[in-house]
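These are the residues of each chain, in order.
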Amino acid sequence: MAKRLDLKDVDIYYGKFHAVDGVTLAVPPRSVTAFIGPSGCGKSTVLRTLNRMHEVIPGARVEGEVLLDGEDIYNSAVDPVAVRRTIGMVFQRPNPFPTMSIRDNVVAGLKLQGRRNKAELDETAERALRAANLWNEVKDRLSKPGGGLSGGQQQRLCIARAVAVQPAVLLMDEPCSALDPISTLAIEDLIAELKKDYTIVIVTHNMQQAARVSDQTAFFNLRATGEPGHLVELDDTPKMFSNPTQQATEDYISGRFG
Amino acid sequence: MTTTIDLDAPAREPTFVGVSAGRRMKNAGATALVGLAFLIALVPLIWVVYSVLANGAGAVLNSQWWSQSLNGLLARQQGGGAYHAIIGTLFQGLVCAAIATPIGIMVAVYLVEYGGRSRLARATTFMVDILTGVPSIVAALFIYAVWISIFGLGRSALAVSLALVLLMVPVVVRSSEEMLRIVPDDLREASYALGVPKWKTIVKVVIPTALSGMLTGVVLALARVMGETAPVLILVAYAPYINFNIFEGNMASLPLLMTVERNNPTDAGSYRVWGAAITLILIITLFQLLAAFLSKVTAPKTK
Chain A
1 MAKRLDLKDV DIYYGKFHAV DGVTLAVPPR SVTAFIGPSG CGKSTVLRTL NRMHEVIPGA
61 RVEGEVLLDG EDIYNSAVDP VAVRRTIGMV FQRPNPFPTM SIRDNVVAGL KLQGRRNKAE
121 LDETAERALR AANLWNEVKD RLSKPGGGLS GGQQQRLCIA RAVAVQPAVL LMDEPCSALD
181 PISTLAIEDL IAELKKDYTI VIVTHNMQQA ARVSDQTAFF NLRATGEPGH LVELDDTPKM
241 FSNPTQQATE DYISGRFG
Chain B
1 MTTTIDLDAP AREPTFVGVS AGRRMKNAGA TALVGLAFLI ALVPLIWVVY SVLANGAGAV
61 LNSQWWSQSL NGLLARQQGG GAYHAIIGTL FQGLVCAAIA TPIGIMVAVY LVEYGGRSRL
121 ARATTFMVDI LTGVPSIVAA LFIYAVWISI FGLGRSALAV SLALVLLMVP VVVRSSEEML
181 RIVPDDLREA SYALGVPKWK TIVKVVIPTA LSGMLTGVVL ALARVMGETA PVLILVAYAP
241 YINFNIFEGN MASLPLLMTV ERNNPTDAGS YRVWGAAITL ILIITLFQLL AAFLSKVTAP
301 KTK
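Chains as they are written, first to last, in full-length UniProt numbering: chain A, 1 to 258; chain B, 1 to 303.
Misleading hints may appear alongside valid ones.
[Said to hold, decoys possible] Calculated from the model, a selection of chain B residues having no Cβ within reach of chain A, i.e. all distances over 10 Å:
1. S191
2. Y192
3. L194
4. P208
5. N263
[To be verified] Taking lysine-lysine pairs in the DSSO-like style, the calculated list, with each CA pair at most 30 Å apart, reads:
6. K239/A x K196/A
7. K118/A x K144/A
8. K144/A x K301/B
9. K196/A x K139/A
10. K198/B x K118/A
11. K239/A x K118/A
12. K200/B x K296/B
13. K195/A x K26/B
14. K3/A x K301/B
15. K204/B x K8/A
16. K16/A x K303/B
17. K8/A x K144/A
18. K26/B x K111/A
19. K303/B x K3/A
20. K139/A x K301/B
21. K26/B x K139/A
22. K8/A x K296/B
23. K3/A x K296/B
24. K144/A x K303/B
25. K3/A x K144/A
26. K296/B x K16/A
27. K139/A x K296/B
28. K204/B x K301/B
29. K144/A x K204/B
30. K111/A x K198/B
31. K8/A x K301/B
32. K144/A x K26/B
33. K296/B x K239/A
34. K204/B x K16/A
35. K303/B x K8/A
36. K196/A x K303/B
37. K296/B x K111/A
38. K200/B x K139/A
39. K303/B x K139/A
40. K204/B x K303/B
If you're looking for bench data, these hints aren't it; they were derived computationally from the structure. Yeah, the Cβ is synthetic: ideal placement off N, Cα and C, and Gly gets one too.
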């Protein structure tokens, strides 16, 4: 189920603006890869190119190859909708659908893809909510609106919604930045669980978080304001945080940046 | 506990001072002006409601008013009712809404979800703005020119509905557009990220989220056009009898009943005019309440 991702010399543009320059990296299956770096360095942009969400913004385009188990997702014959079915995403701010109940939020992906079997949907909802460590908190109010949950619960609901469609890869764009430490811990535990079945890429501003949850870490940086962001280095997380190869990485993770 | 005062301490300005006399005066003045403006705005409203109620209550409290037409009654004869005109107003309004709502909502969806800043979208917005400002008599004359002069079709309730469509579409477009724009992009992205195609995202996520406000806009626009007088004066002739056929023949409506009976100098005439006025206000109020109810029922809930 989990698949590997390979980026080969990926350049990303917003209209004429060259946002990210020449990223080459590999994400092995059933692992957690963290993207760290200062604001504006393009880590979220890279993440969004991995499931073709980048091109939702008018004028945005990508050059280079993004391979999912060897298959280029930017091939002109590939349907971006199919790519997003295979590569799920969790966003920075929890965004449950306000018109749907908790259960309907979880199975929204399946329902909107046309599945109607109630028993199958109920089963999927329970499995996804258990996977997101939310089942015990919401099992008695599945028909209540998703908007009534706390921020941390909403974010876990969004994770449940993303895993309910059984993607091969799960992308997380700063999933804990709007949450308190307890909810953050719940989500980090969840990431460790999900790693068994999914390939996970997470963008985070919190370096301790990157160190805690990830197997490998990629550090992105800007050469100067207005210049495109680029990948400085990618390595195993323990090595990145103890003995990075690049001086810039060491400066950033030790807080001597800038 | 005793407080000792250090008499040798240097005199010090207090940190916080009271509101100055000038500011207090300005505040009082502004409050008075705002209150006065409110009262001035309230006077005509109460006056209208009072005079309509005082003159028309007798008519609408009579059960005949709601069940009978004015067919066969002489101008000075008391009795009869406005059933034929109520039917006409509702028919013309609902046919108009049935045509204008899908057009208006689809234009709004195009503008918000597909148009972006394209030339066609900007041209459409410009046209909608112009259409918003078109007086109802111009819309009526346009339909007259197309429907009756060019196509040679007869005056009918349907022609009235078409003129009302011209007046209702821009209002529906505007209100639906506003409602669709305030749906956060986060929700669209969340749906795309689940592998849901764009059209399905719009139909199943964006429109349901905006539905409450869109319905309110539609019903309020409908309430607004049901009181229009120019289209009914130009595009259909008054009938004192009941006509269920919107495609041909004369058909009454409340505004038309009022303009016709205004020329009737007898007591019966004034009874009918005021009765129709209060009926129209009641119908529009009912639609406003319906809008509030629909908006409450369809609004996204958190509990």
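Hint by hint, here is what the structure shows:
Against the 10 Å criterion, S191/B falls within the reach of chain A, whose nearest CB is about 7 Å from its own CB. Taking the minimum C-beta to C-beta distance to chain A, about 6 Å, the non-interface status of Y192/B is violated against the 10 Å cut. Listed as outside the interface, L194/B is inconsistent with that label: its C-beta sits roughly 3 Å from the nearest C-beta of chain A, within the 10 Å cut-off. Against chain A, the non-interface label of P208/B is violated: not every CB pair exceeds 10 Å, the least being about 4 Å.
At roughly 52 Å, the least C-beta separation between N263/B and chain A is larger than 10 Å, which holds for a residue marked as non-interface. Proposed proximity of K239/A and K196/A is supported: the alpha carbons are some 22 Å apart, at most 30 Å. Restraint check: the Cα-Cα separation between K118/A and K144/A comes to about 17 Å, which is no more than 30 Å; the hinted pair holds. A threshold of 30 Å between alpha carbons decides the hint, and for K144/A with K301/B the separation of about 9 Å falls inside it, so the pair holds.
Distance check on the hinted pair: K196/A and K139/A sit about 24 Å apart at the alpha-carbon level, within 30 Å; holds. With a C-alpha separation of about 24 Å, the suggested pairing of K198/B with K118/A holds against the 30 Å cut-off. The hinted pair formed by K239/A and K118/A fails the criterion: a straight-line CA distance of about 48 Å is larger than 30 Å. Between the alpha carbons of K200/B and K296/B the distance comes to roughly 25 Å, so the proposed pair stays at or under 30 Å and holds.
Distance hint between K195/A and K26/B is unfulfilled; the C-alpha atoms sit about 65 Å from each other, more than 30 Å. This hinted pair does not check out: K3/A and K301/B have alpha carbons roughly 38 Å apart, beyond 30 Å. A distance of roughly 36 Å separates the Cα atoms of K204/B and K8/A; the hinted pair therefore is violated under the 30 Å criterion. Taking the CA atoms of K16/A and K303/B, the gap is near 46 Å; set against the 30 Å cutoff, the hint is violated.
Of the supplied pair hints, the one linking K8/A and K144/A is violated, its CA atoms being roughly 45 Å apart against a limit of 30 Å. Taken as a hint, the K26/B and K111/A pair is broken in the structure, with Cα atoms around 60 Å apart against an allowance of 30 Å. Distance restraint check for K303/B and K3/A: the Cα-Cα separation of roughly 39 Å exceeds the 30 Å cut-off, and the hinted pair is therefore not satisfied. Distance hint between K139/A and K301/B is fulfilled; the C-alpha atoms sit about 19 Å from each other, no more than 30 Å.
Among the hinted pairs, K26/B with K139/A is inconsistent with the structure: their alpha-carbon atoms are about 58 Å apart, more than 30 Å. Taking the CA atoms of K8/A and K296/B, the gap is near 52 Å; set against the 30 Å cutoff, the hint is violated. Distance restraint check for K3/A and K296/B: the Cα-Cα separation of roughly 46 Å exceeds the 30 Å cut-off, and the hinted pair is therefore not satisfied. With a C-alpha separation of about 6 Å, the suggested pairing of K144/A with K303/B holds against the 30 Å cut-off.
Between K3/A and K144/A the alpha-carbon distance is near 35 Å, which puts this suggested pair outside the 30 Å criterion. Taking the CA atoms of K296/B and K16/A, the gap is about 45 Å. The hint is violated against a cut of 30 Å. For the suggested pair K139/A and K296/B, the alpha carbons sit about 27 Å apart, so the restraint of at most 30 Å is met. With a C-alpha separation of about 16 Å, the suggested pairing of K204/B with K301/B holds against the 30 Å cut-off.
Taking the CA atoms of K144/A and K204/B, the gap is about 18 Å. The hint holds against a cut of 30 Å. A hinted pair counts as satisfied when its Cα atoms are at most 30 Å apart, and K111/A with K198/B qualifies at roughly 15 Å. The straight-line distance between the Cα atoms of K8/A and K301/B is roughly 45 Å, outside the 30 Å bound, and the hint therefore fails. A distance of roughly 50 Å separates the Cα atoms of K144/A and K26/B; the hinted pair therefore is violated under the 30 Å criterion.
For the hint linking K296/B to K239/A, the alpha-carbon distance of about 57 Å lies beyond 30 Å, and the restraint is violated. Simply put, K204/B and K16/A have alpha-carbon atoms about 34 Å apart, too far for the 30 Å limit, and the pair is violated. Between K303/B and K8/A the alpha-carbon distance is near 47 Å, which puts this suggested pair outside the 30 Å criterion. Using a Cα cut-off of 30 Å, the hinted pair K196/A and K303/B is violated, with the two alpha carbons roughly 35 Å apart.
A hinted pair counts as satisfied when its Cα atoms are at most 30 Å apart, and K296/B with K111/A qualifies at roughly 26 Å. Restraint check for K200/B and K139/A: the C-alpha separation of about 28 Å stays at or below 30 Å, so the hint holds. The straight-line distance between the Cα atoms of K303/B and K139/A is roughly 15 Å, inside the 30 Å bound, and the hint therefore holds. For the given pair, K204/B sits about 21 Å from K303/B by alpha-carbon distance, which is consistent with the 30 Å threshold.
Of the numbered hints listed earlier, those contradicted by the structure are 1, 2, 3, 4, 11, 13, 14, 15, 16, 17, 18, 19, 21, 22, 23, 25, 26, 31, 32, 33, 34, 35, 36.
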